[in-house]
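Enquirer: Spelled out from the first residue to the last, the chains are:
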Amino acid sequence: MQQEVVLALLAKEPSHGYQLRARLRDALGPLGDAMNGGQIYVTLGRLEKTGQVVVERAAGMPDRPDRKMYALTAAGQRRVADWLAEVNWPKPDLAEFHLKLLAAAAAHLADPVAIVDAQRRELLRRLRDAQRAAMAEPRESEAALLLEGIVLRLQADLRWLEACERTWTKPKASTRGER
Amino acid sequence: MSETMNQSMLRARGLRKEYGREASLVRAVDGVDVDVPAGETLAVMGPSGCGKSTLLHLLGGLDRPSAGEIWLDGQRIDQMSERGMAALRRDAVGFVFQAFHLMDELTAVENIELPALLAGRSPRAARRRATELLDQVGLADRARHLPAQLSGGQRQRVAIARALANSPRVVLADEPTGNLDSEATLDVLQLFESLHEAGQTLVIVTHDARIAATADRLISMRDGAFVDNTRLTGGTAGNLGALVGLDG
Chain H
1 MQQEVVLALL AKEPSHGYQL RARLRDALGP LGDAMNGGQI YVTLGRLEKT GQVVVERAAG
61 MPDRPDRKMY ALTAAGQRRV ADWLAEVNWP KPDLAEFHLK LLAAAAAHLA DPVAIVDAQR
121 RELLRRLRDA QRAAMAEPRE SEAALLLEGI VLRLQADLRW LEACERTWTK PKASTRGER
Chain G
180 MSETMNQSML RARGLRKEYG REASLVRAVD GVDVDVPAGE TLAVMGPSGC GKSTLLHLLG
240 GLDRPSAGEI WLDGQRIDQM SERGMAALRR DAVGFVFQAF HLMDELTAVE NIELPALLAG
300 RSPRAARRRA TELLDQVGLA DRARHLPAQL SGGQRQRVAI ARALANSPRV VLADEPTGNL
360 DSEATLDVLQ LFESLHEAGQ TLVIVTHDAR IAATADRLIS MRDGAFVDNT RLTGGTAGNL
420 GALVGLDG
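Protein sequences appear in the order of chains H and G.
Quick note on our numbering: the first sequence kicks off at 1 and runs consecutively.
Quick note on our numbering: the second sequence kicks off at 180 and runs consecutively.
Only chain H is shown next, with the shape it has when bound in the complex:
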């Protein structure tokens, strides 16, 4: 679990680990199913060691993980602020696929159009799963918005595959090599 995400979940108020997990479940919906429940405690442990969160224990209570209350330190708060200001964006590696097509065509290893078709089938499977999850989700849920983003991205990738297909089906594309 990304450290910044866990820190940001604590920005509103000190919380128990299980409360953070519940908040993540709401935010991610079916996408959170792949998450390992223990991960958040591992991350919280690391954040505690590096001084970004502190643990408060209710007085007179036995020392059990579910009794621990986590809170941000000043360093943790700064990290959250920095993270919010970041403009990093996850990027799919289109260059790799592009180079795969070029290499396959140049060396006559495989038909680029067949590679595009196989890739399209795979993306359509993913889109199918995301679309079905989106249809099962209540419209106003937090997870529905995330699913919409995933659906839109997959659509964009599929449109690029259409462009790849158009290029590689042209009989005399200069990059296609001699026949």
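No wet-lab data here; the hints were simulated from the structure.
Misleading hints may appear alongside valid ones.
Covered by chain G, according to a simulated footprint, are these stretches of chain H (three or more residues, beta-carbon under 8 angstroms) [unchecked claim]:
#1 124-135
#2 150-157
#3 162-169
Just a sample of chain H residues kept apart from chain G, beta carbon distances all over 10 angstroms, derived [said to hold, decoys possible]:
#4 8
#5 9
#6 12
#7 16
#8 42
#9 46
#10 103
#11 105
#12 138
#13 141
Now the in silico label distances, taken between C-beta atoms and shown as ranges [said to hold, decoys possible]:
#14 H:152 <-> G:331: 16 to 24 angstroms
#15 H:2 <-> G:193: 53 to 61 angstroms
#16 G:319 <-> H:73: 53 to 61 angstroms
#17 G:226 <-> H:107: 23 to 31 angstroms
#18 H:100 <-> G:216: 35 to 43 angstroms
No experiment lies behind these values; they were computed from the predicted model shown.
Heads up, the beta-carbon is just placed ideally off N, CA and C, and yes, glycines get one too.
We have chain H; now place chain G onto it with these hints.
Expert: Then chain G, alone, in the frame of chain H:
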């Protein structure tokens, strides 16, 4: 062979449609075989001009093939008389178009009951059916609205209800979400899903990967011919987290 024919709601063999002649000859559909089992949702995708809309028009009797044979529910339709074709389009096939094609001066419920009235149903039976269908597409409270008073998504749902008026054996849709935004598309997808669950046979020609992804089967078309035929079951085994890097 005859067994397959009995199972197919829609079947075509050696289907061709040509326009123009000699040097300017265009083979819009170039030797296509199709089998759509009853209850299947089939999506046909392909670039503009690949012949997918022409194929849909042939399958629904809106146009006649240059060559080849078509059966709908076991009945040969490519050689039918004009009158037979008209009855077929009215009773056995439901069409949904990108631009909705609703009658502007008729209310939602009047648009939906029109095919039933044309088929000779009593006004009372036609209205009862139209009211049911409006409810089914989630627009019971919009019965008296004119198309201009409805959103694009609502208009398309009315158009789908109209396509169902005579309980057709197959619904053919040509770019049904082409004019819709993301949310209205979701409504239409959900509607198709419920039709699918009710056993309706659906053939959808589309650019929209979301429709293709939710169909039982996907055919890709290029230059008038089928180049790929995919069943999209299996998927990512429900590991949606992998789509956003949340796995592991």
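Enquirer: If a hint holds in the structure, say so; if it does not, say that too.
Expert: We went through each hint and held it up to the structure:
Counting residues of the region 124-135 of chain H whose CB lies closer than 8 angstroms to any CB of chain G gives 12, which reaches the minimum of 3, so the coverage claim holds. Check result for the region 150-157 of chain H against chain G: holds, 5 residues qualifying (beta carbon to beta carbon below 8 angstroms, three or more required). Beta-carbon proximity to chain G at under 8 angstroms applies to 4 residues in the region 162-169 of chain H; the threshold of 3 is reached and the given coverage holds. Consistency note on residue 8 (chain H): stated as away from chain G, and its beta-carbon is indeed over 10 angstroms from all of that chain's, at 16 angstroms minimum.
No Cβ of chain G approaches the Cβ of residue 9 (chain H) within 10 angstroms, the least distance being about 15 angstroms, so the stated non-interface status holds. For residue 12 (chain H), the non-interface assignment is confirmed: its Cβ lies about 22 angstroms from the closest Cβ of chain G, beyond the 10 angstroms cut-off. Distance check for residue 16 (chain H) against chain G: the nearest CB is about 22 angstroms away, which clears 10 angstroms, and the non-interface claim stands. Consistency note on residue 42 (chain H): stated as away from chain G, and its beta-carbon is indeed over 10 angstroms from all of that chain's, at 12 angstroms minimum.
For residue 46 (chain H), the non-interface assignment is confirmed: its Cβ lies about 16 angstroms from the closest Cβ of chain G, beyond the 10 angstroms cut-off. Every CB of chain G lies more than 10 angstroms from the CB of residue 103 (chain H), the least distance being 23 angstroms, so the non-interface label holds. Taking the minimum C-beta to C-beta distance to chain G, about 18 angstroms, the non-interface status of residue 105 (chain H) holds against the 10 angstroms cut. The Cβ of residue 138 (chain H) sits about 12 angstroms from the closest Cβ of chain G, beyond the 10 angstroms cut-off, so the non-interface label holds.
Distance check for residue 141 (chain H) against chain G: the nearest CB is about 13 angstroms away, which clears 10 angstroms, and the non-interface claim stands. Distance hint for residue 152 (chain H) and residue 331 (chain G): a CB-CB separation of about 18 angstroms, consistent with the stated range 16 to 24 angstroms. Checked against the hint of 53 to 61 angstroms, the C-beta distance between residue 2 (chain H) and residue 193 (chain G) comes to roughly 57 angstroms, which is consistent with it. In this structure, residue 319 (chain G) and residue 73 (chain H) meet the distance hint of 53 to 61 angstroms, their C-beta atoms being roughly 56 angstroms apart.
The given range of 23 to 31 angstroms is respected by residue 226 (chain G) and residue 107 (chain H), whose C-beta atoms sit roughly 27 angstroms from each other. Between residue 100 (chain H) and residue 216 (chain G) the beta carbons are some 36 angstroms apart, a value that agrees with the proposed interval 35 to 43 angstroms.
Every hint from the earlier list agrees with this structure, and none is contradicted.
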